[in-house]
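A.B. asks: Each chain, letter by letter, is given below.
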Amino acid sequence: MMMACTRIERLIPLYVEGDLDADATNAVRAHVNECEACRALVAEYEASQGWLHSYTPPDFNEALLDRMRLGVMRALQEQSVRPTFFERFALLLTPRRIIAASAVALMIIAALVFYTINRRPNADPTREEMARQESGEPKSESQNGLQPPAEAPDHIIERVNHPRPKRHASRYLAKLNRQRSPHRIGQVKQSDSVQARDNRPPAPDESVEPREMLRIELQTADPNIRIIWLAPKETDTQELKPMIETR
Amino acid sequence: MMEAQEEQAMTGEVAETLRMINGAGLSKTPAERTEASLIERARSGDHAAFEQLMIGHQRKVIATAWRLLGNEDDARDAAQETFIKVYKYLGSYKADQDFGGWLYRIVVNVCHDHGRKRGQRDRLLSFADDRAARQLDQMASAENIEAAAIQAQQRALIEEALKTLSKKERAALVLRDLEGLPTEEVAQILGSSQATVRSQIATARAKIKQFRDRALRQKTRG
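One line per chain: the protein sequences are C and R, in this order. With positions in the first sequence counted from 1, the corresponding number in this note's numbering is that position plus 47. With positions in the second sequence counted from 1, the corresponding number in this note's numbering is that position plus 3.
Each hint should be verified, as a subset may be incorrect.
Here are some chain C residues pointing at chain R (derived, C-beta under 7 Å) [claimed, not checked]:
1. V79
2. S95
3. P104
4. A122
5. L123
6. I274
A partial selection of chain R residues facing chain C, derived with a Cβ cut-off under 10 Å [to be verified]:
7. I42
8. R44
9. M57
10. F102
11. F214
Computed list of chain R residues with no C-beta within reach of chain C, every gap over 10 Å [as the list claims (entries may be wrong)]:
12. Q61
13. A78
14. E149
15. Q157
16. T186
17. R201
Derived from the structure by calculation, the hints contain no laboratory data. Treat the numbers as computed from the prediction; the structure is a model and nothing was measured. Ideal placement from N, C-alpha and C gives every residue a C-beta, glycine not left out.
Build out the structure end to end from the sequences listed, making use of the hints.
C.D. replies: Structure, rendered in structure tokens:
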């Protein structure tokens with residue numbers, strides 16, 4: 048069966064210079080012998096290729112080549128033409144290698160993300176609850192009907208293993224400062240995270256006596272949740288109203 | 004049984020001999036051995052050896068650059084830059100590689116950079132006039148003047164046709180049709196697959212034919 052002309056037309060540019068494999072060449076040849084239009088097209092391509100082959104460079108004379116060589120030799124003597132580290136590195140960057148390196152990098156990143164997500168505690172609270180039930184431990188507060196108080200400020204409840212615990216204390220103290228006079232703000236600022244977290248004594252040469260902070264920690268049944276309460280020691284009792292209400 | 008063992012032993016000996024020959028570079032022709040020795044010396048900083056290497060390849064390099072860039076001045080600059088790069092990167096050249104192919108790859112890359120740097124400036128007309136004038140000067144006899152003018156005009160026309168191709172199409176066409184390299188080698192030089200190169204060549208040939216047909220039609224009308 049003869050191939051369609053449209054298909055043959057696409058093969059003719061390769062056929063005229065012998066760039067097709069044996070089967071395709073035979074198919075085109077058989078078609079061309081039968082089809083006059085395609086035969087004419089082959090003749091046109093052959094003429095075009097003959098025309099292209101006449102594109103011969105001018106005869107570069109020896110003087111020009113000598114000048115070129117001299118220029119190269121001078122460049123070699125004048126400057127160090129050894130490749131730099133980056134140039135040598137760039138040589139290694141073939142498209143295939145770039146693709147392979149990108150794939151490896153993506154796989155490493157994906158593995159790291161997967162590992163991090165799986166390693167994070169409490170990623171799935173139900174799983175932990177199930178484990179506790181299996182070991183026979185009592186249910187957590189929430190399961191026993193002891194809900195955390197709705198009015199407890201969010202910034203006071205923090206996870207024990209939170210990576211940025213200091214920021215919570217700072218936020219709380221900043222809120223506290225906003226409620227107080229500017230005179231006392233400085234005092235609180237000086238003593239905020241240092242006193243509250245590290246319990247380090249204040250520097251002896253400080254002109255203003257930093258206020259001591261009261262730190263109350265309540266451990267919930269959930270080992271990962273601890274309620275921390277920070278307050279100035281001389282705070283009025285009115286301010287020390289409980290943040291957790293039990294029913 | 005004995006015969007089979009002897010045959011196996013002989014096959015082993017042949018293989019061993021072939022390995023020795025290849026290891027010692029004895030499978031290469033004298034010219035290739037000379038070239039390998041020049042490369043080795045040039046790699047260790049011998050400028051004279053590098054100059055010899057350059058003499059052996061300068062015509063091929065400048066002709067390819069000319070076909071890729073289309074004018075003599077750019078071709079000379081590109082050839083110079085190519086040889087400087089060859090010297091620079093000789094350390095990364097592997098002895099089992101084809102030096103010619105490696106050289107072609109550098110020429111093509113340098114010419115691409117060259118074209119990018121200077122832009123595709125349209126100096127065709129001035130260059131064609133300049134080249135035609137130079138060629139006319141070179142032709143001593145009066146009867147050659149007409150032939151030289153026709154040749155110059157034809158070259159300018161083909162250069163115009165080649166300008167209709169993309170960079171990659173032109174490189175593939177020049178290497179395959181004008182330098183006469185097999186498709187496989189062209190693919191290696193250009194870092195593409197053979198199928199891609201074949202497709203580029205087919206497109207390029209079709210574009211050249213189209214350009215020529217148009218030029219012929221205009222000539223007939225004119």
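A.B. asks: Does each hint hold? Answer for all of them.
C.D. replies: Status of each hint after checking the structure:
Nearest Cβ of chain R to the Cβ of V79 (chain C): about 16 Å, over the 7 Å cut. The hint is violated. With its C-beta approaching chain R no nearer than about 4 Å, S95 (chain C) sits inside the 7 Å limit, and its interface hint holds. For P104 (chain C), the interface hint holds, the least distance from its beta-carbon to any beta-carbon of chain R being 4 Å, beneath 7 Å. With its C-beta approaching chain R no nearer than about 5 Å, A122 (chain C) sits inside the 7 Å limit, and its interface hint holds.
Among the interface hints, the one on L123 (chain C) holds; its C-beta lies about 6 Å from the nearest C-beta in chain R, closer than the 7 Å criterion. The interface hint given for I274 (chain C) is broken, as the beta carbon of that residue sits about 64 Å from the closest beta carbon of chain R, more than 7 Å. Because the smallest distance between the Cβ of I42 (chain R) and any Cβ of chain C comes to about 15 Å, over 10 Å, the interface hint for this residue is violated. Because the smallest distance between the Cβ of R44 (chain R) and any Cβ of chain C comes to about 14 Å, over 10 Å, the interface hint for this residue is violated.
Contact between M57 (chain R) and chain C, as hinted, is supported at the beta carbon level, the nearest pair being about 6 Å apart and thus within 10 Å. Taking 10 Å as the C-beta contact cut-off toward chain C, the hint placing F102 (chain R) at the interface is violated, the least distance being around 16 Å. Interface hint status for F214 (chain R): upheld, as the beta-carbon distance to the closest one in chain C is roughly 9 Å, under 10 Å. Not every Cβ of chain C is farther than 10 Å from the Cβ of Q61 (chain R); the closest lies at roughly 5 Å, contradicting the non-interface assignment.
Under the 10 Å C-beta cut-off, the non-interface status given to A78 (chain R) relative to chain C is violated; the minimum distance is some 8 Å. With 10 Å as the threshold on Cβ separation, the claim that E149 (chain R) sits away from chain C holds: the shortest Cβ distance comes to roughly 16 Å. Distance check for Q157 (chain R) against chain C: the nearest CB is about 6 Å away, which does not clear 10 Å, and the non-interface claim fails. At roughly 6 Å, the least C-beta separation between T186 (chain R) and chain C is not larger than 10 Å, which violates its mark as non-interface.
Under the 10 Å C-beta cut-off, the non-interface status given to R201 (chain R) relative to chain C is violated; the minimum distance is some 6 Å.
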